[in-house]
Amino acid sequence: MKSIFTLLFIIALMQISFSQDVLFNETVNSDSVIETKGPNLKHYKHTYIGFGFAAMQSENKSSNIELGPSSNFIFGFRNKLKISNFYAVGYDVSYNLSWYRLSQTKDKLTPDAFQNDKERLTFQNLEFSVYNRFNFGKRGNIIGKFIDLGAYADWTFLCSHFIKNKIEGNVYKTKITHLKYYEPFNYGVLARFGINRYVIYANYRLSDLFKSSYNYAELPRLTLGVQIGLHK
Amino acid sequence: MRPKKFSILLIIFLSFTISSSVFSQNNYWVFFKDKKDVTFNPYQYFDNKAIERRVSLGISLYDSTDFPLNNNYKKSIVSLCDSVINESRWFNAMAIKATNNQIASIKNLSFVEEVQLINTYAIYTSYQNDFDTSVLTTKRDLLKQQIEAMGGNLFIANGIDGKGIRIAIFDGGFPTVDKNPVFEHIRKDNRIIKTWDFTKNKEFVYGYNLHGTMVMSCIGGMINGVKLGLATGAEFLLARTEVNTEPYSEEVNWLAAVEWADKNGADIINSSLGYTYHRYFNNQMDGKTSLVSRAANLAARKGMLVVNAAGNDGDNNWKYIGTPADADSALSIGGIDPKTNYHISFSSLGPTSDKRMKPNVCAFGSVVVAKKEGIGTSQGTSFSSPLVAGFAACAWQLDRTLTNMQLFKEIEKSANLYPYFDYAHGYGVPQANYFINKSTSPKEPTFTFNVENNELKVAIDSTFFDESLLFYYNIEDSNGMLEEYYVLSVNQKDILQLDLSKYSKGDVINFHYNYYTTSYKIN
Numbered sequence: 001m002k003s004i005f006t007l008l009f010i011i012a013l014m015q016i017s018f019s020q021d022v023l024f025n026e027t028v029n030s031d032s033v034i035e036t037k038g039p040n041l042k043h044y045k046h047t048y049i050g051f052g053f054a055a056m057q058s059e060n061k062s063s064n065i066e067l068g069p070s071s072n073f074i075f076g077f078r079n080k081l082k083i084s085n086f087y088a089v090g091y092d093v094s095y096n097l098s099w100y101r102l103s104q105t106k107d108k109l110t111p112d113a114f115q116n117d118k119e120r121l122t123f124q125n126l127e128f129s130v131y132n133r134f135n136f137g138k139r140g141n142i143i144g145k146f147i148d149l150g151a152y153a154d155w156t157f158l159c160s161h162f163i164k165n166k167i168e169g170n171v172y173k174t175k176i177t178h179l180k181y182y183e184p185f186n187y188g189v190l191a192r193f194g195i196n197r198y199v200i201y202a203n204y205r206l207s208d209l210f211k212s213s214y215n216y217a218e219l220p221r222l223t224l225g226v227q228i229g230l231h232k
Numbered sequence: 001m002r003p004k005k006f007s008i009l010l011i012i013f014l015s016f017t018i019s020s021s022v023f024s025q026n027n028y029w030v031f032f033k034d035k036k037d038v039t040f041n042p043y044q045y046f047d048n049k050a051i052e053r054r055v056s057l058g059i060s061l062y063d064s065t066d067f068p069l070n071n072n073y074k075k076s077i078v079s080l081c082d083s084v085i086n087e088s089r090w091f092n093a094m095a096i097k098a099t100n101n102q103i104a105s106i107k108n109l110s111f112v113e114e115v116q117l118i119n120t121y122a123i124y125t126s127y128q129n130d131f132d133t134s135v136l137t138t139k140r141d142l143l144k145q146q147i148e149a150m151g152g153n154l155f156i157a158n159g160i161d162g163k164g165i166r167i168a169i170f171d172g173g174f175p176t177v178d179k180n181p182v183f184e185h186i187r188k189d190n191r192i193i194k195t196w197d198f199t200k201n202k203e204f205v206y207g208y209n210l211h212g213t214m215v216m217s218c219i220g221g222m223i224n225g226v227k228l229g230l231a232t233g234a235e236f237l238l239a240r241t242e243v244n245t246e247p248y249s250e251e252v253n254w255l256a257a258v259e260w261a262d263k264n265g266a267d268i269i270n271s272s273l274g275y276t277y278h279r280y281f282n283n284q285m286d287g288k289t290s291l292v293s294r295a296a297n298l299a300a301r302k303g304m305l306v307v308n309a310a311g312n313d314g315d316n317n318w319k320y321i322g323t324p325a326d327a328d329s330a331l332s333i334g335g336i337d338p339k340t341n342y343h344i345s346f347s348s349l350g351p352t353s354d355k356r357m358k359p360n361v362c363a364f365g366s367v368v369v370a371k372k373e374g375i376g377t378s379q380g381t382s383f384s385s386p387l388v389a390g391f392a393a394c395a396w397q398l399d400r401t402l403t404n405m406q407l408f409k410e411i412e413k414s415a416n417l418y419p420y421f422d423y424a425h426g427y428g429v430p431q432a433n434y435f436i437n438k439s440t441s442p443k444e445p446t447f448t449f450n451v452e453n454n455e456l457k458v459a460i461d462s463t464f465f466d467e468s469l470l471f472y473y474n475i476e477d478s479n480g481m482l483e484e485y486y487v488l489s490v491n492q493k494d495i496l497q498l499d500l501s502k503y504s505k506g507d508v509i510n511f512h513y514n515y516y517t518t519s520y521k522i523n
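So the protein sequences, as listed, match chains A and B. Residues in the first sequence are numbered consecutively from 1, following this note's numbering. Residues in the second sequence are numbered consecutively from 1, following this note's numbering.
These are computed hints drawn from the structure, not numbers from a lab. Virtual Cβ for every residue (Gly too), placed ideally from N, Cα, C. Any given hint might turn out to be false.
[Unchecked claim] Some residues of chain A that are not near chain B, with every Cβ distance over 10 Å (derived):
{"#": "1", "residue": "Phe24"}
{"#": "2", "residue": "Ser62"}
{"#": "3", "residue": "Pro69"}
{"#": "4", "residue": "Ser103"}
{"#": "5", "residue": "Tyr182"}
[To be verified] Counterexamples of contact, computed for chain A against chain B with all Cβ distances above 10 Å:
{"#": "6", "residue": "Gln20"}
{"#": "7", "residue": "Asn25"}
{"#": "8", "residue": "Gly38"}
{"#": "9", "residue": "Asn40"}
{"#": "10", "residue": "Glu66"}
{"#": "11", "residue": "Phe77"}
{"#": "12", "residue": "Val89"}
{"#": "13", "residue": "Gly90"}
{"#": "14", "residue": "Tyr95"}
{"#": "15", "residue": "Asp112"}
{"#": "16", "residue": "Gln115"}
{"#": "17", "residue": "Leu126"}
{"#": "18", "residue": "Tyr214"}
{"#": "19", "residue": "Val226"}
{"#": "20", "residue": "Lys232"}
[To be verified] When the alpha-carbon atoms are kept at most 20 Å apart in a straight line, the in silico DMTMM-like pairs for lysine to aspartate or glutamate are as follows:
{"#": "21", "chain 1": "A", "residue 1": "Lys232", "chain 2": "B", "residue 2": "Asp315"}
{"#": "22", "chain 1": "A", "residue 1": "Lys164", "chain 2": "A", "residue 2": "Asp112"}
{"#": "23", "chain 1": "B", "residue 1": "Lys493", "chain 2": "A", "residue 2": "Asp21"}
{"#": "24", "chain 1": "A", "residue 1": "Lys138", "chain 2": "B", "residue 2": "Glu114"}
{"#": "25", "chain 1": "A", "residue 1": "Lys138", "chain 2": "B", "residue 2": "Glu113"}
{"#": "26", "chain 1": "B", "residue 1": "Lys457", "chain 2": "A", "residue 2": "Asp21"}
{"#": "27", "chain 1": "A", "residue 1": "Lys106", "chain 2": "A", "residue 2": "Glu66"}
{"#": "28", "chain 1": "A", "residue 1": "Lys138", "chain 2": "B", "residue 2": "Asp286"}
{"#": "29", "chain 1": "B", "residue 1": "Lys288", "chain 2": "B", "residue 2": "Glu483"}
{"#": "30", "chain 1": "A", "residue 1": "Lys37", "chain 2": "B", "residue 2": "Asp315"}
{"#": "31", "chain 1": "B", "residue 1": "Lys372", "chain 2": "B", "residue 2": "Glu184"}
{"#": "32", "chain 1": "B", "residue 1": "Lys339", "chain 2": "A", "residue 2": "Asp112"}
{"#": "33", "chain 1": "B", "residue 1": "Lys319", "chain 2": "B", "residue 2": "Asp286"}
{"#": "34", "chain 1": "B", "residue 1": "Lys438", "chain 2": "B", "residue 2": "Glu148"}
Chain A extracted, bound-state conformation:
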């Protein structure tokens, strides 16, 4: 045992005696290879966040919403494959949280005719989209100016109905899940205009959000908003 300790001690001493304190180093070959990944190179991927608003009213008054508070939040991952300096294709995978504040009017029928202090429908989606990107102008390794045109598909993994009422000074909040009346899959088309990380987007839902058997008037199909790419 003693000899093992002695051996370990000698090895440690040798390590110390030849320890090199590297303050700075660069390996050139691996660092100098021609890059293929970058904002204006063959492959580029980045995350982004976005915030948008319902930009039109519902199909009719029975589903009317309050336009300002009805909005959505997106966090996504974008992948781009550059085909030429002017054209690229790509896909997005994102989490999309949309909520619609329902107007409390005498015409209200969605999802029921009851009047509440506040009421909203919230859809939590996983979204997949594909797009064509058209770039403008000569540029270096930056994203530059672009227009995207594409299509998306959503899977609504959770739809909730929130109700808030104040009765005799007490606030009552209710959350209803396991709803039957919404379509779990929907799809639409998209358009985006961007300059580097800053993007204006428009999504238009082509499919219906509610099952036809329920006869609910459709909630707004058009969403306008901004996205910020989380990259340089």
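Given chain A, work out where chain B should sit, using these hints.
Chain B only, in chain A's frame:
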């Protein structure tokens, strides 16, 4: 909303976005095929000092690149475009604003060689500002070091201050240079020869971005008799070429300014600016692709020493030097950290994309500079560059027989690591004693190495063991290209042990310690 309404909305959205992208005006370079039927009188065009420089360097006064543009060509372009931004005699070109339709007509003109879209963005090569209201002890030390690191006290002791050398500075503005006490000695002797704001086409440059003021102070600033830069006796040409809010014309202004500097007799140009990813890719940093890089090379051909900051991209995605620091004839300056004396993290690295060694030399990347009132500290290779520009002015004053490119080489040779180099430090920090005493000492071996069982061991000689120094080594392939490079702290005499089996036959290992450089070739 049904699909019909949606289509209308989508069309409006796309019309707006497409029109903003496609139908808007752009800036273009229009290159002409020739300079037919133009007349040129160098004695009317050039400043006396520019003529002196040409004569002393044996450069023709009738170089066609200095001839004006053909007036008829210019008139045709003016009639077709929206407005003229600038023109370049050197490149026989006009920079214009035009719509797509206008540019299509211009392309059809018989005398037009080529049309290039201008889309660029210049980056000041200062890293961050850190202004204080007083010079604390640490700043006094730093101020002393930024001169001493280059052995500048030797220049000072010998009365060398860049007298007779004319330095042009290209930057974003020079606020308070007309009243700041740091430049009083220059103003007193009327040594600001000319100023021009290329972004507004007027003389006034003493406003806007403070960057130029800080840069100028590192060339020739002085406060209470203490120098911030070494060329306190030099003459200055101040050109404002950059506007933060107008990103698309700086490269045009840089080109106009370099011709202006030449015309007005500049010996040295300091440009603490770099153009990188907004227009270019890393693989275009070859000294030939960008117009500014070609202009920097042309400026060198006309006898001027172009000193350019390497850039501050060492710790970000771009990583490598920008342009025009990639130009073969531009003296590219990297930054070192005054606290450690080796590469400061943000200083951009070489080599160029065509594998030439850059930066050429380095200087402090964290310095004391002039601010609007008094002095403060700042960081960036923006300030390494003017420190070397000031140094170059002093070196040139000592020997006016040197051509600009001879001076370039001499500055490299004077540096403290020479002949050792790497892509972070170049040849190291230029040293005044090389020019004053024509020597660097000591040159005797400061370390030894031996090879046993395919292991190379390096030991520092006891006489030269100094923990405040650094040990450098690199691995160079058979083409002279570095594969790896290192800086080690000196904390023991047995400084290095390398397993040679990792390297290829023909590779060379270069070592440097305390002014001594030697190599070992793997057979």
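Structure-based check of each hint:
| no. | hint | in the structure |
| --- | --- | --- |
| 1 | Phe24 | 4 Å, violated |
| 2 | Ser62 | 16 Å, holds |
| 3 | Pro69 | 20 Å, holds |
| 4 | Ser103 | 17 Å, holds |
| 5 | Tyr182 | 19 Å, holds |
| 6 | Gln20 | 6 Å, violated |
| 7 | Asn25 | 4 Å, violated |
| 8 | Gly38 | 7 Å, violated |
| 9 | Asn40 | 8 Å, violated |
| 10 | Glu66 | 17 Å, holds |
| 11 | Phe77 | 19 Å, holds |
| 12 | Val89 | 18 Å, holds |
| 13 | Gly90 | 18 Å, holds |
| 14 | Tyr95 | 25 Å, holds |
| 15 | Asp112 | 24 Å, holds |
| 16 | Gln115 | 26 Å, holds |
| 17 | Leu126 | 24 Å, holds |
| 18 | Tyr214 | 20 Å, holds |
| 19 | Val226 | 13 Å, holds |
| 20 | Lys232 | 6 Å, violated |
| 21 | A:Lys232 x B:Asp315 | 13 Å, holds |
| 22 | A:Lys164 x A:Asp112 | 14 Å, holds |
| 23 | B:Lys493 x A:Asp21 | 12 Å, holds |
| 24 | A:Lys138 x B:Glu114 | 15 Å, holds |
| 25 | A:Lys138 x B:Glu113 | 19 Å, holds |
| 26 | B:Lys457 x A:Asp21 | 15 Å, holds |
| 27 | A:Lys106 x A:Glu66 | 15 Å, holds |
| 28 | A:Lys138 x B:Asp286 | 19 Å, holds |
| 29 | B:Lys288 x B:Glu483 | 24 Å, violated |
| 30 | A:Lys37 x B:Asp315 | 17 Å, holds |
| 31 | B:Lys372 x B:Glu184 | 13 Å, holds |
| 32 | B:Lys339 x A:Asp112 | 71 Å, violated |
| 33 | B:Lys319 x B:Asp286 | 15 Å, holds |
| 34 | B:Lys438 x B:Glu148 | 18 Å, holds |
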